[in-house]
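Engineer: Listed below are the residues making up each chain.
Protein chains: 2
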Amino acid sequence: MFLEKLEKSKNIIISSHVNPDGDSIGSGLALYWAIKKQYPEKNVRYIIEDNVPYNYKFLKGTDKIEKYINLKDEPKADLFIVIDSANFKRIGRVGEFKKDAFLVNIDHHISNSNFGDYNFVKQSSSASEVLYEVLTKILKIDIDKTIAECLYVGIITDSGSFQYESTTKETFEVASKLLEKGIDKDKIINHVYKSRTLGYIKVLGLAFSKMNIIKEKKLVYFTLSRDFIIKEKIQKDETDGIVEKMLEYVGCEVALFLKEEENGKIKGSLRSKEKVDVNNVAKIFDGGGHKRAAGFTTDLMEKDIIISIIERI
Amino acid sequence: MFLEKLEKSKNIIISSHVNPDGDSIGSGLALYWAIKKQYPEKNVRYIIEDNVPYNYKFLKGTDKIEKYINLKDEPKADLFIVIDSANFKRIGRVGEFKKDAFLVNIDHHISNSNFGDYNFVKQSSSASEVLYEVLTKILKIDIDKTIAECLYVGIITDSGSFQYESTTKETFEVASKLLEKGIDKDKIINHVYKSRTLGYIKVLGLAFSKMNIIKEKKLVYFTLSRDFIIKEKIQKDETDGIVEKMLEYVGCEVALFLKEEENGKIKGSLRSKEKVDVNNVAKIFDGGGHKRAAGFTTDLMEKDIIISIIERI
Chain E
40 MFLEKLEKSK NIIISSHVNP DGDSIGSGLA LYWAIKKQYP EKNVRYIIED NVPYNYKFLK
100 GTDKIEKYIN LKDEPKADLF IVIDSANFKR IGRVGEFKKD AFLVNIDHHI SNSNFGDYNF
160 VKQSSSASEV LYEVLTKILK IDIDKTIAEC LYVGIITDSG SFQYESTTKE TFEVASKLLE
220 KGIDKDKIIN HVYKSRTLGY IKVLGLAFSK MNIIKEKKLV YFTLSRDFII KEKIQKDETD
280 GIVEKMLEYV GCEVALFLKE EENGKIKGSL RSKEKVDVNN VAKIFDGGGH KRAAGFTTDL
340 MEKDIIISII ERI
Chain P
40 MFLEKLEKSK NIIISSHVNP DGDSIGSGLA LYWAIKKQYP EKNVRYIIED NVPYNYKFLK
100 GTDKIEKYIN LKDEPKADLF IVIDSANFKR IGRVGEFKKD AFLVNIDHHI SNSNFGDYNF
160 VKQSSSASEV LYEVLTKILK IDIDKTIAEC LYVGIITDSG SFQYESTTKE TFEVASKLLE
220 KGIDKDKIIN HVYKSRTLGY IKVLGLAFSK MNIIKEKKLV YFTLSRDFII KEKIQKDETD
280 GIVEKMLEYV GCEVALFLKE EENGKIKGSL RSKEKVDVNN VAKIFDGGGH KRAAGFTTDL
340 MEKDIIISII ERI
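Here the protein sequences come in this chain order: E and P. When you line the first sequence up against the numbering used here, it's residues 40 to 352, in that order. When you line the second sequence up against the numbering used here, it's residues 40 to 352, in that order.
The reader is advised that the hints may include incorrect statements.
Covered stretches of chain P, going by a simulated chain E footprint (3 or more residues, C-beta under 8 angstroms) [as the list claims (entries may be wrong)]: (1) 98 to 110; (2) 157 to 168.
List of simulated lysine-lysine pairs, DSS-like, C-alpha gap at most 27 angstroms [unchecked claim]: (3) E:K272 <-> P:K184; (4) P:K304 <-> E:K96; (5) P:K220 <-> P:K257; (6) P:K224 <-> E:K233; (7) P:K226 <-> E:K254; (8) P:K76 <-> E:K208; (9) P:K330 <-> P:K342; (10) P:K226 <-> P:K81; (11) E:K241 <-> P:K161; (12) E:K220 <-> P:K208; (13) E:K254 <-> P:K270; (14) P:K257 <-> E:K184; (15) E:K241 <-> P:K314; (16) E:K304 <-> E:K342.
Since the hints were derived computationally from the structure, they do not count as laboratory data. From the three backbone atoms N, C-alpha and C, an ideal C-beta is built for every residue, glycine too.
Only chain E is shown next, with the shape it has when bound in the complex:
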């Protein structure tokens, strides 16, 4: 059905979620190039709500990704494809252009609501891994080096370089097939993993120098102050991933990263290794997430947050 619809369509819009990551950019761009390659006569546009993060800009075609607020016309579509989004709302205002187009939903999130007219949803390491199957088995599009590099970025970023639980034998099989396409793996690794900004380096340095350890509870925590954020001009995404690094400490089961927000609230990110269900912990503060990764925002102060968490774990 997807193949037929694709062949009949003239105007195609691809979109993926707000706050894009390596998998949404990688899978969206891979799909863009795949359609451009097989159907050069079709009008394909890849439109997203936000900017492409700087460390994925090396991928061929990121200059073709359109940002919602920069659009100069109203894009039309008879086929609208959403990738890497558990629900339709996750693509933000780009959803306005769907109108009466046929909606295709390609995703790897278990919580996906099957919101499409056609859904290809499979629990996998990444949307890129799912798309690999769609391209090879359903759309029969030959994967070239450009497409393979996009998919590889999606797979490595969403699998944490093959370290996350979601990594399966299929993930490795796809990675192997992508290397066969002659991709420049080392260039990709340099851009994705060796592109830490100075802001990130400073935050991690401070967190590792000053983190608190509650030995009896195997809890480590650190609070990033508003003062430091302002003084060092720390950007929003420069604190991403710090909590995962804290979890690498051998003596911890739970890692907590707290960040003072502009509005006086504190934002918390929780991670656990194998025992504590941090989704339950986050619920104390009306937050949530998954067993091993959850978050919350609260009016409480650091001291009170820690007391509550210690009681709970």
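We have chain E; now place chain P onto it with these hints.
Structural biologist: Frame of chain E, contents of chain P only:
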């Protein structure tokens, strides 16, 4: 030839290199279990010069690895197998027990001297990847979960979680086959990557907080003082890998980690991303290594080391 010799042998000694890493422990132990499984009547010993690093001790059988100085008898062998060592000297004093035994050399280093009576040497991500081929194709030993976990540790540690240049499509294929054996991948990831000691955390925190940046040369450097090492009781292996982390900074092409040694000298570790040949840089101080990773030890002071390097890159 290896298979015949193995079948005829009664006493077998396995050894791997001094200062063991995840690949030497993983491949050595995988080989130990494989022979024990197929030939339960044979006397197999796995003997090394040094201790097993603490984060690999979770592997089944590390309590069976014998340390040279703790031996209570003189081990005898008619078959002596060296794995993950580019030359025979790399196994240290354990080499004394070789005597007139048949020598098998299994390795992945391109510089391997083919020192064995039988050599199975192939450039690969890891000795574990090479051993996978030996076990399945030559010795026809069925790989069970225990063996697979050992091999997996070897592969992920020596490929930098599939990020090093040496990672190939075959590496992914073997990883995929190992997952099929039902290994507990998440347990392995926790032990290998989430077992950072407090000493390592402190050194990385300090390095990231204080590292110097020579913008025009894209050089970052940091010197770990003797004072800090003593005050914080930093162990020898707790500074391993810090230089690779420094290289993750987007603005750098060359990272240099300097460490004040007990004897008043300075030990330097150099890494580069894609252009600078740090082997050539290390030669200034009579050091050496590879293009992207090299080291040296010098009597010079930090200031003079930096001046020399800046002139060179």
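Engineer: Would you mind marking each hint as holding or not holding in the structure?
Structural biologist: Hints, verified against the model:
{"no.": "1", "hint": "98 to 110", "in the structure": "violated (count 0)"}
{"no.": "2", "hint": "157 to 168", "in the structure": "violated (count 0)"}
{"no.": "3", "hint": "E:K272 <-> P:K184", "in the structure": "violated, 49 angstroms"}
{"no.": "4", "hint": "P:K304 <-> E:K96", "in the structure": "violated, 43 angstroms"}
{"no.": "5", "hint": "P:K220 <-> P:K257", "in the structure": "violated, 45 angstroms"}
{"no.": "6", "hint": "P:K224 <-> E:K233", "in the structure": "holds, 25 angstroms"}
{"no.": "7", "hint": "P:K226 <-> E:K254", "in the structure": "holds, 21 angstroms"}
{"no.": "8", "hint": "P:K76 <-> E:K208", "in the structure": "holds, 25 angstroms"}
{"no.": "9", "hint": "P:K330 <-> P:K342", "in the structure": "holds, 24 angstroms"}
{"no.": "10", "hint": "P:K226 <-> P:K81", "in the structure": "violated, 31 angstroms"}
{"no.": "11", "hint": "E:K241 <-> P:K161", "in the structure": "violated, 42 angstroms"}
{"no.": "12", "hint": "E:K220 <-> P:K208", "in the structure": "holds, 10 angstroms"}
{"no.": "13", "hint": "E:K254 <-> P:K270", "in the structure": "holds, 21 angstroms"}
{"no.": "14", "hint": "P:K257 <-> E:K184", "in the structure": "violated, 30 angstroms"}
{"no.": "15", "hint": "E:K241 <-> P:K314", "in the structure": "holds, 26 angstroms"}
{"no.": "16", "hint": "E:K304 <-> E:K342", "in the structure": "holds, 14 angstroms"}
In terms of the numbered hints stated before, the structure departs from hints 1, 2, 3, 4, 5, 10, 11 and 14, listed from lowest to highest.
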